[in-house]
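Asks: Chain residues, written in single-letter form:
Number of protein chains: 2
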Amino acid sequence: MERIFGEIEGIKEGHIFSNRMEVSLAKVHRPTQAGISGSQNEGADSIVISGGYEDDKDFGDIIIYTGHGGRSNETGKQVADQQLKRQNLALAKSCLEGLPVRVIRGKHKGSIYSPNEGYRYDGLFLIEEYWRKKGKSGFYVWLFRLRKIKNLKLIVEESEEEYKSKRVPTQIQRIIRNTNLSRKIKEMYRYKCQVCDIQIETSSGYYAEASHIKPLGTPHNGPDSLDNLLCLCPNHHVMFDFGGFSIMENFEILGIDAKLTIHKDHTINPKYTKYHFEHFYSEQNRTDLK
Amino acid sequence: MERIFGEIEGIKEGHIFSNRMEVSLAKVHRPTQAGISGSQNEGADSIVISGGYEDDKDFGDIIIYTGHGGRSNETGKQVADQQLKRQNLALAKSCLEGLPVRVIRGKHKGSIYSPNEGYRYDGLFLIEEYWRKKGKSGFYVWLFRLRKIKNLKLIVEESEEEYKSKRVPTQIQRIIRNTNLSRKIKEMYRYKCQVCDIQIETSSGYYAEASHIKPLGTPHNGPDSLDNLLCLCPNHHVMFDFGGFSIMENFEILGIDAKLTIHKDHTINPKYTKYHFEHFYSEQNRTDLK
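Protein chains in written order, with the UniProt record's numbering: chain A, 1 to 290; chain B, 1 to 290.
It does not matter which identical chain is used: a pair holds within one copy or between any two.
Cross-link-like lysine-lysine pairs, in silico, DSBU-like; alpha carbons within 35 Å at most: (1) 134 - 274; (2) 148 - 77; (3) 271 - 133; (4) 148 - 214; (5) 57 - 148; (6) 12 - 107; (7) 150 - 12; (8) 259 - 192; (9) 148 - 274; (10) 214 - 85; (11) 271 - 134; (12) 214 - 184; (13) 148 - 184; (14) 148 - 12; (15) 192 - 274; (16) 150 - 57; (17) 214 - 109.
What the hints contain is simulated information worked out from the structure, not anything from laboratory work.
If we strip away everything but chain A, and leave its shape as in the complex, we get (with noise of 0.2 Å):
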């Protein structure tokens, strides 16, 4: 079954369901035990919140989520090191991809943002950093923080209707365009930077991004489209969007002593590194600054 990261059609945020089984018939939390849906690949996309880890912390907007394992079955209660792996790793990569994670509270007594009766759908969150600390237990334990996304149906109304395209702001437009395309290339390129080869390694796995050539916001109104994507680090990104290199139509590349690397299924529209070239690159300054 297909992972669905987002919005559940037709569920609102305040839906209430009266047990974990209506939750996983409606698709907003499948499993119908673990707190975490995801897998160490495609990311985690919800939770539930339930009361049972001592180093939660429920802020409303923001939530301090305790992650998996070490517990004991019998007593509940932390007895051994949580480690960043399965479901804790599925939490990292949704940090790392910046992928919105449904949020389901339960009713429980250790928290006032916890539901009256059973369990309540409370919109999407990003996951916006994630650490490890000595649990009250006195054993290690991975924490994440949440944040809830407020805005995001008004951005993208405003957005549509001022430019009919898709131009939202960085955050937001992380979250939808971190879709399958964007995954797929940077899959393709085994999160190797096509300019300088580079695969950066964090403790939840290989970050780099996917890099609209032509760029998708007003005026510009390139396409989500493969042949306008780039895999590229983030240093390259960063001097990508402000001029620092650009690409000629032979994909050789400018500003920079570097060679582009193309995958063989990888086609690239010229018609958008030169649309790149015109609008972004300037020679002229860059030598004026040295």
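Place chain B on chain A using the hints.
Replies: Showing chain B alone in chain A's frame:
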């Protein structure tokens, strides 16, 4: 006179001034003639929109603003290409550094968002992007897309209340943090990464990021001080934040083969590197993923 970025004390959004001299005396926009206030090294702190440029577009919360230069003094028409220099470069610098720009709209016929009289202070904007294109005149102009910062106060207040810390979302953090300290550390290292020595070059100058060793946010509550900052390239910033490497008590780098450059005037507090190591570095997992 020191250039002030952000809000001017005592001047609320919507404040109406009779003329440019009043705007200048209030320190909202210092120059009495020029549309852009700023310098190449510091960035731009304010702009006035008064309808003189045919390629300007005003969507209210989003503005496409044309750079300075290339117009005839007599006819006001574009008669030459604009260069990414002086005030234009100041705007580009504000874009790169994420500095807030005050926007003042003057009365003119070209936009429904212009005031009925005089000049109106319309709040803080971020410059999201800059590019050049052949303008309506046939000559190259530089364009800047500004987006209004809508919820600055809301977010800062919420954060203070919840955490007694300055934790706010990334975009706003960029503004608040990008003050003297952040600039100081980047200038100390001449925008070179302390890990790899790379100096990222863009069309408008060098780019680096100030990275907090012990993060500012809850529950870390690291201080915004020089002994808790590093000057990093975007690649090593991502890796550091997500546990790709850490720093030992003797300031040797752990996890990658590199040496940390430390300027003689830069004292790093080993308390913070220890915190980073304990909370963000996960050697066990790194080797597992390989």
